[in-house]
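Assemble chains B, C and D onto chain A, guided by the hints.
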Amino acid sequence: MAKTALQFRHNGRDVAMFVDGGTNLLVALRELIGDMTPKFGCGQGGCGTCSVLIDGELHLSCLTLAETVAGRSVETLDGMKDGPDLHPLQRAFADNFAAQCGYCTPGMLMAAKALLDRNPQPSRAEVVEAISGNICRCTGYEPIINAVLSAASGGRARA
Amino acid sequence: MARHRGRGIASVNYPVGMNLGGDPSQALVHSNPSGKFTVALSSIDLGQGMKSVTRQICAETLGVPVEDVYVDTADSDTGPHCMGSFASRGTHRVGNAVMAAAREARGVMMEAAAEELEVNATDLETDGRGNIHVKGAPHRSISTKDVAIAAQFKQGKTISGRGIFLVPLSDVDPETGEMSPATCYAHACLVAEVEVDDETGEVAMVRMDSAYELGRALNPRLVEQQLVGGAWMGVSHALYETPEPYYPDPGHGPRDFVEYLMPGPGDICPHDIAVLERPAPDGPFGAKGPGEMCANPVLPAIANAIFNAVGVRIDDLPITPEKVLRAIKAQGGARPQPRR
Amino acid sequence: MPVTVKTFTSTSDAAAALSSDRSARYLGGGTLVMRALNEGDISISTVVRASDQAMTRIDATGSRTILGAGVTFARILAERDLAFLHAPARSIGGPAVRNMGTVGGNLFAPVPYGDFTVAMLALDAMVSVQGGLGGREIPIDEFLQSRDRQTGALVLAISFAKPGSADAFRYRKVARIKPKGGAVITLATHLPMNGSRIVGARIALGSMAPTPIRARAAERALEGRSLDTSTINAAAAAAVEGTLPGDNALASAWYRREIVGVHLRRLLSGQE
Amino acid sequence: MLELRKDIFADERDDNLKEIGKGTQRQDMLGHVTGTSPYFDDHKLQGMLHLKVVRSAHSHARLRRVDTSEAERSQGVRRVIRGSDVPRNLNTLLSLINFGKDDEPSLAVDKVRYKGEPIVAIVADSPREAHEAIAKVKIDYEPLPAVFDVEDALKPGAPVVNEVYPKNTFTYHETYDRQQLRFGDADRALASADHVLEQRYQMSPIEHAPTETNGSIAAPDTNGRYLVYTSTQALFFSVDTCAKILDVPSNTFHFIGGTVGGGFGGKVDTLTEPLCILGAMLTGRPVRYVFGREEEMQYGPPRGAERIYIKDGVMHDGRVVARKVRAYFDSGAYTRLSSYAAVKCAAHLPGPYTIPNVHGDVYCVFTNRTPATAMRGFGVTAMDFAIECQMDKLAHLVGMDPMEFRILNAYRDGDMKAHRREAKNTALIECVQVAAEKAKWPIRDEFKRMSSRKDGGGVRAAVTPTPRETHTPPTTPSQQRTTYDRAPAATREPPPSPPPPPRPAAPSHGATRFSSVFGTRRR
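Chains as they are written, first to last, in UniProt numbering: chain A, 1 to 159; chain B, 1 to 340; chain C, 1 to 272; chain D, 1 to 523.
So that you can see chain A by itself, here it is in the shape it has in the complex (with noise of 0.2 Å):
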């Protein structure tokens, strides 16, 4: 069966892969480099679990053809952490316990991620604009809009 030769940078290092035709990203990230942040929730485009940033614009790694990518940067939660600190987002989220089952918070930190690059001060509309293609069905929302906002002011309080 043919398969396409595919290279790419993924979290700052360069991987190179075979994919079948058809492959998403999501399937090539966790199955074939076995970066596992990306999380498979819907399939469909709907939950934003599965959420990563390409040449720093977030995209649904499930939607995308795998071979669309290659030449280009794709960054994923594994690469947040700066050696073994955390992002400030990733602080944030846990000061404001903005997680419970955690499934969503992968996407979630980068849909933040992908806000706070470009908008580093963010209201809170837009924080909630931000994040408006990811699915919570554990924390109500408010503690995940609260570690953003405190995450942009720098600030470690609770927004």
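Hints are not guaranteed to be accurate.
Unchecked claim - Okay, derived cross-link-like pairs now, SDA-like style, lysine to any residue, Cα gap no bigger than 25 Å in a straight line: (1) B:Lys323 <-> C:Glu272; (2) C:Lys162 <-> C:Leu267; (3) A:Lys3 <-> C:Ile42; (4) D:Lys438 <-> B:Pro270; (5) D:Lys18 <-> B:Pro220; (6) A:Lys3 <-> D:Arg285; (7) C:Lys178 <-> A:Pro122; (8) A:Lys3 <-> A:Phe18; (9) D:Lys6 <-> D:Gly414; (10) D:Lys22 <-> B:Ala100; (11) C:Lys162 <-> C:Arg80; (12) A:Lys81 <-> D:Thr36; (13) D:Lys136 <-> C:Arg35; (14) C:Lys178 <-> B:Pro270; (15) D:Lys44 <-> A:Leu32; (16) B:Lys36 <-> B:Arg103; (17) C:Lys162 <-> C:Ser226.
Source of the hints: derived by calculation from the structure; they are not laboratory data.
Below, chains B, C and D without anything else, positioned relative to chain A:
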């Protein structure tokens, strides 16, 4: 066109644990030679915080810092039997099992410490910071680490404990329904304020105020997680979600998260919560279980608030804009009730 | 059989590949085709792509705006000249979907999707299509009526005359969920003014029929009049005429009929 | 925002604790924010196969013929699994606690009872190849009349959904078509009440919608065992259900789970594990079976619908003197856990209020829809909706403030509850008082002074006489038994001579019956 505000209330109680009991859970607690404890369970953490709350229960019972305890869940080879994570039974049933196991392990730990300090175990106490000392004489002290080393390599003792918690099964009288469904109950009362659009039937949440009585709040942050998230789910159940929008007609079922309606981050409202703690006599440190009941008062409180706002009673869940609009039209327009 | 991916530099080669293979689908942003593949749609066995730059071009300089079919909603939102389209673009999905979803793909999105197309219908857009036998321009009304037969064709671009004033074009998506929700109904109006009179009114409705449709009776109620309360009420009363809404998970046909006039009135009178 | 009201019930607590009561960070938070918390699907196994099921296109139909020959030859297919391949293709979840009869196959054989019911499982090299094979399975259906409304299902001549329960209701105590609650004389009290209000309430089904769908991965392990990664909410429930269905000892399995992407009750049913393990047994390879989102929404079990009728009698002064409730749980095509919820619901009546006359009939009804299961607040959520809407209407009827109306009727320590147990450790009044305070909702001083710990018991503790009903069913042993359980679980009243006919000495599947609901009479 007008938008009308209204407030409604509901008060509820909720049984803790499987109905009729008969739902055991077990726990094993043991120390490694450095005095760090592992709790082995087969109970599931669905996000509700099972690992975290049992960790605190274990640490409190042992008298060690929480950092010295790690909870390992859900391995059928190493974790002893648990009925499962449902029926608000986690904190109450598993918590009690962990407490029992930790109590037994503490007994061994205190005996081992007593042997090292050459005193009676009954004369010892833990300081919660990793030390055991003679009551009233803090300088006659030994660390839990040193106790663990001594127990393992010198005394040949295993600092471990087994725990089980079982509410004995009760029977049901088929005719009268006489039974013992639960040993303790949590309570709540919630006030919902809504705004209803009388031309479209749309209902927007304005705010919620609530009081929940949950026995001991073992970890207020975890309680808050359950209550905030649970109230959100209550709003969702009240106004939005169903896989059968035309029930009992089974058609037009949602297939994705666009068609399955749940409130988004732009639909939430402020929620001010008070937590009351009336300890349950048989709960671990008096705890009951907030996980399930937190959504329940929200549904009727919203329905009652809609009545207060526009004078229509919607007795079918979910309360869609269509149902509200049909009812408003049927009564010839909104009839706001006295403002509360 | 795994899926075959064919990438072409020229749109005509892509169009030829698309029209010669019934199991081929054009992959735009992925929100429709990748979802179908993920859900096990085995009727698709070839995925066609085109890397032609023209597919992602935005030309907003002249009086006629041209959007390449591969233009994403995020790019529209980044374009100051397209401010009048920001409301419909922002109403699509969440940020990730807007970074991926395209103007061309939206033309094919079934209810409850396809909100941007409602805006395009109000703007009397032309759809530029490359078939196996060459290109043509199709008025959007006509394109939508024959949408089921267009899957073998490659949409290259969509073009329309820019509204004369910021106020002439209005858009509203009525959704249960905020800020990202599927449409209960979608409304877009283009009311060019000649002095104080409306000339060439176009009102487009989404979720009021299997594809976006025009509210022609409401358009007639506005035509040649000034936008005053009685005209607005007349248009609102006529909004439901000629519509064919269906029941779905978001709302019933009854509800859609009940509220379409309410929302048209609110949209035209500038109310929330 | 959360405020701890330590001032209330302070005399009942010792707050001098070190770890309890602190807002300590979750043990799993670091894992969550770094994406390293291990969910079942995060295990990558060499040579993993993919399992998908063929689902019924009809809500109710006889299966005339199921032809899988073309699917078996389809590219990438390793194994096609039929109902006949399942060792014990009939189960009911609560057989593990001796409650109910086996009524649900893992794969439908002769008949389908809901749209989406699994009929055939395909194990293939890739999901795509499994889907291609699914399209090649040919099923000849003979559609049967279906019933979707709980009350229609109880009418004479209604289609029989599930032949195990031919009256379309679960059987309680081997005799009853419902769980009853009888306390006092509701009819007489209604006759003398100042106002009577009867209302109908309805809750549509609700989907759990966890962000992680149901699923499992099963892999052959060393020494003949199988390693199973699972999203289950109840590990040993799943282990023992699999042991029963696959007819092997439970220690054949090593289940690993415990970190689950949301459950809310929707991951109790052991939906994927039995077929997933069977796939691994039949192919010798790791097998993954994960629900797609549409499967999860439409064919994963929901919180079942409920229809509730309440008839209340209330006096001018606001005392509720009688409550009569008839409730129907829509179980869908199979029992799962709805039978249990109906009993829990009966126990919950009449809500947290002291009402001297209560009459409840709670039915678990079968219809041709996706089987229902547990969900957060199981058995209570819809009843609370009905009761609390009703309480609001009653308050309106007698012209009382709804808060004060609830305080007036609230149960207190020492009161007798309708299921004939004394109320203890109650706190409803305090919750209403504090909620009123928070919401700045004025209530009168006398209601502010009331307490759950005062003025209960006495006459409120009396068990009011309950009339015997003329149509009382014969008194039979209240034990709920199944064919499956009958042999080993003869815990009480062992039959005298003659000796029972020979039966297997012990269940060969090795599943454990944890307990026996209805098995022992302990009050």
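Outcome of the hint check:
| no. | hint | verdict |
| --- | --- | --- |
| 1 | B:Lys323 <-> C:Glu272 | holds, 22 Å |
| 2 | C:Lys162 <-> C:Leu267 | holds, 20 Å |
| 3 | A:Lys3 <-> C:Ile42 | holds, 19 Å |
| 4 | D:Lys438 <-> B:Pro270 | holds, 13 Å |
| 5 | D:Lys18 <-> B:Pro220 | holds, 14 Å |
| 6 | A:Lys3 <-> D:Arg285 | holds, 23 Å |
| 7 | C:Lys178 <-> A:Pro122 | holds, 18 Å |
| 8 | A:Lys3 <-> A:Phe18 | holds, 6 Å |
| 9 | D:Lys6 <-> D:Gly414 | holds, 24 Å |
| 10 | D:Lys22 <-> B:Ala100 | holds, 21 Å |
| 11 | C:Lys162 <-> C:Arg80 | holds, 13 Å |
| 12 | A:Lys81 <-> D:Thr36 | holds, 12 Å |
| 13 | D:Lys136 <-> C:Arg35 | holds, 22 Å |
| 14 | C:Lys178 <-> B:Pro270 | holds, 16 Å |
| 15 | D:Lys44 <-> A:Leu32 | holds, 9 Å |
| 16 | B:Lys36 <-> B:Arg103 | holds, 15 Å |
| 17 | C:Lys162 <-> C:Ser226 | holds, 21 Å |
Checked against the numbered hints given earlier, the structure satisfies every one of them.
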